[in-house]
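Enquirer: In case you want the letters, here they are:
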Amino acid sequence: MRYFITLLSLVVLAVACTYELEGEFFNEIDLTKEPQISVSLNDLQPGATVTILQTVHFTFDYSIDPGRIKSFNILIDSAHGVSGNTIQNDSGITLGFDINPGDAGPGLHNLQIIVTSTSGTGSIADVEGLEQRVVVTSWKLNFINDVPPTPVVTLSEENGYLKVSWTPYTGVNFDSYVLGISRSFDDTQSRVFKDSLTTSFIDSAYVGGYIKSYSVATHTITGGSPTGTALTNGSFDLKYDIRMSDTTYLFTWNKAKYAGPFKNYYLSVGINDVYTISDINDTSFRYDPSEFLFGQGQFASVVLNTKDRTPPSFSPMAYVVTDAYLPGTKKFNANFVAYNTTINRVYGFPIDENTLRKYSADLDDLNDALDPRTSVPFSGPTGYGPVDGVGIKAFDLETKTVTDQLDIASMASNGTIYGINSITGASNGVVLVYFLAKDVFQQTKQHGLIYDMVNNIVLSPVTVDYPGAALSGNGKYLRVGSNLYKNNGSFFDIGWTLPNPSSDFRADNPEEIICHVGFTFEIRKSSDGSLLRTIPFPVGTTYRTYDPVKHILMFSDNDDPTMYKFIDIESLQQFTIHALSGAALINGNLVDSHQYFYKAIK
Amino acid sequence: MLRILFAIIICFTCSCSLAQSRIYFNTGIGTYLMDDMKTFQAETASSLPVRLKKVKSFPPYVNYEAGFDVKLGSRFFVGASGSYGSSGCRSDYQDYSGSERLDQLWKYKSIALSGGIIQKFMNEKLLLRYELRSGVIFNHGTLDYRSTLGTQTSTQHNDVHSRNIYAQPTVTATRRFGPIGIDVYVGLNYNFSLGKVYDDSDPSGPYFGFFNGTPIGVDWTGLRAGLGVSFLFGK
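Respectively, the protein sequence lines represent chains D and H.
Under the working numbering, the first residue of the first sequence carries the number 1, and numbering increases by one thereafter.
Under the working numbering, the first residue of the second sequence carries the number 1001, and numbering increases by one thereafter.
Any given hint could turn out to be false.
What the hints assert, rightly or not - If we take Cβ atoms under 8 Å as the criterion, some of the chain D residues that face chain H in the derived model are: (1) T18; (2) F25; (3) I124; (4) A125; (5) V127; (6) F174; (7) D175; (8) F201; (9) I202.
Keep in mind that the hints were calculated from the coordinates and are not lab data.
These figures come from a predicted structure and were not determined experimentally.
A virtual CB, placed ideally from N, CA and C, is assigned to each residue, including glycine.
Given only the sequences and the hints, what does the whole structure look like? Please build it.
Expert: Spelled out as structure tokens, the structure:
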């Protein structure tokens, strides 16, 4: 009995019921009730058409819990994506974006806004982000972005004025014509015409004389536009011709092209002579200089004045430098000239047959010496340009003919030309003239001399050159090199410094020259090249050439004669003088473009 | 556990020859406090993407007990007993796209020593026993999580265990019919020491706890009431 009870209790415990879990909760989600949304594109109903004539800003409102938004896609023709910005608001999302005329070609296109969000059903798949809702809304876009044709620009004359005409563009996206007016080298102006029917413009300022460009750009609302251009052909030259018989110039220039804006021709010669010619057909003027300066040309210019000459710089101007050595003065007769073919200038020099003797030295040595690229006397300051296209021509003043390239050999043999050479710098060249004297050459091996124009005597052998490339711009550089030394007590100044050396040039009547471009002299001993003295010549200083035996120059920082500085060369025996910087002030008769840098006063 | 049970039975069979003894088998209903496990269930459910509904939460359920006691004198007795019970908790969510389910199923087995006094009525045909039981509860549970999304299902299963110490004052009325008695009892089970819950696969590993790290306990505290049959032996 006991064992039975024991066994029974064990069985009861073994088969005792254990709690079993049961029950479930199923969430019925009514998928037929989709969340209500509303979409709005600029208050346009889906399917509406929007005209794109210029950039249009769209706002797209989508009412939904902003947190449910996964992405926006703005597509044109289901391909071209447009970027936008979203702003959350109380009712949902506002998407802002721009459609530009360049986003599609002309015509109708489909705009789709695809909003992808979570489904919002609350199901497990929804909250896990695996259930999405995609809403696609479409509108039509009508792009009007035709590209206008390139305007054809033509120039014609109307009532004496230049008329610019162009082909019109009347597309609905027309914005304006922009007329660009520019000279070929400086100013540019523009005018805007908002009327598509305006297709011409009268330029009341252009008289001719320089090239002017007229460009017409047809602008559309969308911006960029093709441009047509037309150019005037406007050259304006001034030429002169020298009549030796009466030492006058005949200036001729181009006729003004348009009579409408023409006012007059304004001709100036030298510093003081000004002439006004109001007849548009009168394009020449004979100029009779009151005085010719030896070795000094004349700067002449002619300006085409217009009636509305504002600013004055717009008026075309032509100029020449009449730098011939006219034999008009009676102090000497020039019978040799150097002719620079690059700048088309003629330089004349008087040669005293009694002083200059025929050169008969070795021609090879002479050529070497004359070549600035190889000869020592020419290897001075850096910046030398090679001799480039410069010929040497002889100009016979009696016959008024110019011979071609001077042949050194023939020059040496014919006994007529004793030696003329010209060189130029790299840019515009200047002339170097040599007068070769046998005795001097033999003594010094130098190929040049300093010639006293007043007395027609050779003072010393010297080399003069103009390394034009040494200074920027049109600055010329003068170096008076070689062995310049006192010769038998005769007076000489540095390189024919005086613009108008006169017979009464004496110590009690010095020539005074104002320096307008600074430079510096160095005086060195020729024997060992040691620097003896440096003489600055700053802008504004004056100096006087003097005629004492013991002094060659007197300098002054002002007009006070007591401040003159004397250079005593008596004891130097030999020295060289270099103008290290500045323009060719002291030899202005050779550096004609710098005439205005000094002014002779007496 | 079985060893302990056999030891008790051997003690009982030996004692039967010494004094009046009684064995009993009871079946009843128990209510279970299970505060920690309910909170644990709620915390776990809150970490899921959808809101689960608690469809079962440790409801009262049938429990069983068996024991014996031996009279000491005319009014006192001592004895031993064992009991078994179970309950569980389920949180569930299902929709057309998937389901989420959290299940807890807990069983306990306890052994206890008891002692009390007997009050006799109706010429000893009706007996009232006032006793106090105290012992150890061995808890075994399973924690199951199942997630289904579309055709993909993932599950997680843990077998866990813990131990409690409890006391249960109980009043039992017995109507005697000869050596057989019909028992009606009511008691209050109180778990005054809740052991930490460990995974069976890693008994020395980390215990289960709340999000804040506080350990959870399986609290079977609750009322116990039921019927039973008892057999009297001896003089």
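Enquirer: Next, verify each hint and record whether it holds.
Expert: Outcome of the hint check:
1. Taking 8 Å as the C-beta cut-off, the interface hint given for T18(D) holds, the closest approach to chain H being about 5 Å.
2. Checking F25(D) against chain H by beta carbon gives a least distance of about 4 Å; that is within 8 Å, so the hint holds.
3. At about 4 Å, the closest approach between the beta carbon of I124(D) and any beta carbon in chain H falls short of 8 Å, and the interface hint on this residue holds.
4. Because the closest C-beta pair between A125(D) and chain H is about 4 Å apart, less than 8 Å, the hint holds.
5. Below 8 Å, beta-carbon pairs count as interface contacts, and V127(D) has one with chain H at about 4 Å; its hint therefore holds.
6. Against a cut-off of 8 Å between C-beta atoms, the interface hint on F174(D) is violated, since the closest Cβ of chain H lies about 59 Å away.
7. A hinted interface residue such as D175(D) counts as satisfied when its beta carbon comes closer than 8 Å to some beta carbon of chain H; here the least separation is about 57 Å, so the hint is violated.
8. For F201(D), the interface hint is violated, since its Cβ never comes within 8 Å of a Cβ in chain H; the closest pair sits about 74 Å apart.
9. For I202(D), the interface hint is violated, the least distance from its beta-carbon to any beta-carbon of chain H being 80 Å, above 8 Å.
The structure does not agree with the numbered hints 6, 7, 8, 9 stated previously, though it agrees with the rest.
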